[in-house]
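**Q** For reference, the chains in residue letters:
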Amino acid sequence: MPESDPIIRLTRVNKWFGSFHALKDIDLDVTRGERIVIAGPSGSGKSTLIRCINRLEEHQEGTIVVDGVTLTDDVKAVERIRREVGMVFQQFNLFPHLTVLENLMLAPHWVLGLPRAEAEERAVAQLTRVHIAEQAKKYPGQLSGGQQQRVAIARAMCMRPRIMLFDEPTSALDPEMVKEVLDVMIELAGGGMTMLVVTHEMEFAKAVADRVVFMDQGQIVEQAPPGEFFANARHERSRAFLSKILG
Amino acid sequence: MGAPIPFEPLPARAPPRTARGLPAWVRANLFGSPGNAAATLLVGGLLVYALPPSLKWLVGNAVWHADYAACRALDHAGACWGFVAEKWRLVLFGRYPYAEQWRPLAATAIVVAALVITAIPACWRRWLVWLWGAALAAFFALMGGGIPGLSRVDTGLWGGLPLTVLLTLVGMTASIPIGILLALARRSQLPLLRALATLYIELVRGVPLITVLFTASFVFPLLLPQGFRLDVLTRVALGIVLFQAAYMAEVVRGGLQALPKGQYEAAAALGLSWWRMQRQVILPQALTLVIPSFVNSLLSTFMDTSLVTVVSMYDLTGALRLALGDPHWRNFFLEGYLFVALIYFACCFAMSRYSHWLEHRLGRWTRR
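Chains as they are written, first to last, in our numbering: chain A, 1 to 247; chain B, 1 to 368.
Treat the hints as calculated values from the structure; they're not laboratory data. Some hints here could point you the wrong way.
As the list claims (entries may be wrong) - Here's a subset of chain B near chain A, in silico, CB distances under 10 angstroms, partners left out:
#, residue
1, Q263
2, L270
3, V281
Unchecked claim - Subject to a maximum C-alpha distance of 30 angstroms in a straight line, what follows is the list of computed BS3-like cross-link-like pairs (lysine-lysine):
#, chain 1, residue 1, chain 2, residue 2
4, B, K56, A, K24
5, A, K179, A, K206
6, A, K179, A, K244
7, B, K261, A, K179
8, A, K179, A, K138
9, B, K261, A, K137
10, A, K76, A, K24
11, A, K24, A, K206
12, B, K261, A, K138
13, A, K76, B, K261
14, A, K206, A, K244
15, A, K179, A, K137
16, A, K24, A, K244
Every value quoted in this text rests on a predicted model; they were computed, and no experiment measured them. Glycine included, each C-beta is placed from N, C-alpha and C at the ideal position.
For reference, chain A alone in the conformation it holds in the complex (with noise of 0.2 angstroms):
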């Protein structure tokens, strides 16, 4: 992968909420095609970090490059990212009054200005992907926990993303549904997805992670391949946070 052509670099990035100190000195570079994991102990500013990258959290210092647009306060840049980003949040936030089939037609439709009948198209095929097109009629409470969560994945895959952004997609799940919800994040990184994914499933940063990106209070630790991670990792911090997790 070459290092110079980097679809997101983060350049000291600060960000405070208040007078609390969320992101300290954040420095980061994603090339295209690289599935990250990021780990760390809860109010490590792992979620906003990723929520910077599509300015659902504004930075206050630093600079993001996303697919060569700098993240400013202009809108249309903004808006223009938030295309080539796709976000699968913990809550699923599923478009409660519309069916799943509406749910994903919403932003092709609206946003890319697609005809209706292809935006449809798009969905049954983003549905189909995800195993769950024979539920396309139905309202998403009528849907279990994974299920919620792989529409979710589907609808931000309807607008063709670079880059997906996972905010602890599996949290939320019973523990029987978290592997259906793995099993789909695994195809997604197989077929060359840029990936970043906020979570605690460690097998999954095994099994599909380029690099592990370790935070604690806001800053980055440290970052290695998770063989690397797993095997030695380098800080005290993240030795203590890794036998907390893993057993």
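Starting from the known structure of chain A, fit chain B onto it as the hints suggest.
**A** The following block gives chain B in isolation, referenced to the frame of chain A:
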């Protein structure tokens, strides 16, 4: 490890029979606890005490025909429905010229028919806009006249039920979009817009409707440029709309605040622009949530229109007071108010039931 034990689910059974039948219902609902039993006895006692004399007054001793002498002779021992029989046209149509009163009747019927059609979900199509255009055009043509075959009737003479219906309809339909915009402005990121919306809402909610109507009726004309004149009906309708919009704004804001932040974030993350997000994701959910409050406002607007009598417009209650001005009949206000109350109740009850049904239907997605 041996072979696993197969799992056989138990068949589902019907619920026990104890909670069925009339005796069980009476026991559970009327005499379930000492407090419940006491309430049942108290209400039952009141009914036994009050019902027979009420019925005797309302029906048994009542005079039904417009016989003034018979009503006087009755001396309030029974209802004098003769008053209604004599004056119903004045109450329903106010000071509208007597010979032309088929016109407000037809106009109201057209608007009510349009309302009924609008209430049917299968009719929620684009042609409804044309239907309403035609219905309102017919309403104003019939009421106002001034076209071949129909003599001109000044809006100052419009009254009774058509006026009440018109003011409610205009008050509600125009105040909803304004209220939505005000609510969105009040939650805006732009401080100036937010301040202006808040100022407007708090200012309007801080004054009684009656002062707004006075202002609309007497102050608006002074503010308008020379030679530009709004008739009294337009001024009053404008006053009601601007007043009602402030309350609508707060109703809508309640719905907006009930939505989880995740809905905004998911819509934003998909790249939807702010207006698209509001239109496709936020408002459909927020407005469905506030249907009960909407109807609350609708009913109070319907009743608040009776305040227009202060600027010499005679809505249903105003027209009733006109009818009671007749020295022969002025003792029979109770019958008159009961008649008007019945009309109000029938309309409000229908709206309330409809909204209940609509809430259920539009809120399908909230049920699992």
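**Q** The structure should be examined with respect to each hint, and the outcome stated for every one.
**A** Hints and how they fare:
1. Q263: Holds, because the Cβ-Cβ distance from Q263 of chain B to chain A comes to roughly 6 angstroms (cut-off 10 angstroms).
2. L270: holds, 4 angstroms
3. V281: holds, 6 angstroms
4. B:K56 to A:K24: Not satisfied, since the Cα-Cα distance of roughly 84 angstroms exceeds 30 angstroms.
5. A:K179 to A:K206: It holds: about 15 angstroms lies between the C-alpha atoms, which stays within 30 angstroms.
6. A:K179 to A:K244: holds, 22 angstroms
7. B:K261 to A:K179: holds, 27 angstroms
8. A:K179 to A:K138: holds, 22 angstroms
9. B:K261 to A:K137: holds, 25 angstroms
10. A:K76 to A:K24: holds, 27 angstroms
11. A:K24 to A:K206: holds, 27 angstroms
12. B:K261 to A:K138: Holds, at about 23 angstroms.
13. A:K76 to B:K261: holds, 22 angstroms
14. A:K206 to A:K244: holds, 17 angstroms
15. A:K179 to A:K137: Roughly 24 angstroms separates the two Cα atoms, so the pair holds.
16. A:K24 to A:K244: Given pair K24 of chain A, K244 of chain A holds - Cα atoms ~24 angstroms apart, limit 30 angstroms.
Checked against the numbered hints above, the structure breaks only hint 4 and satisfies the rest.
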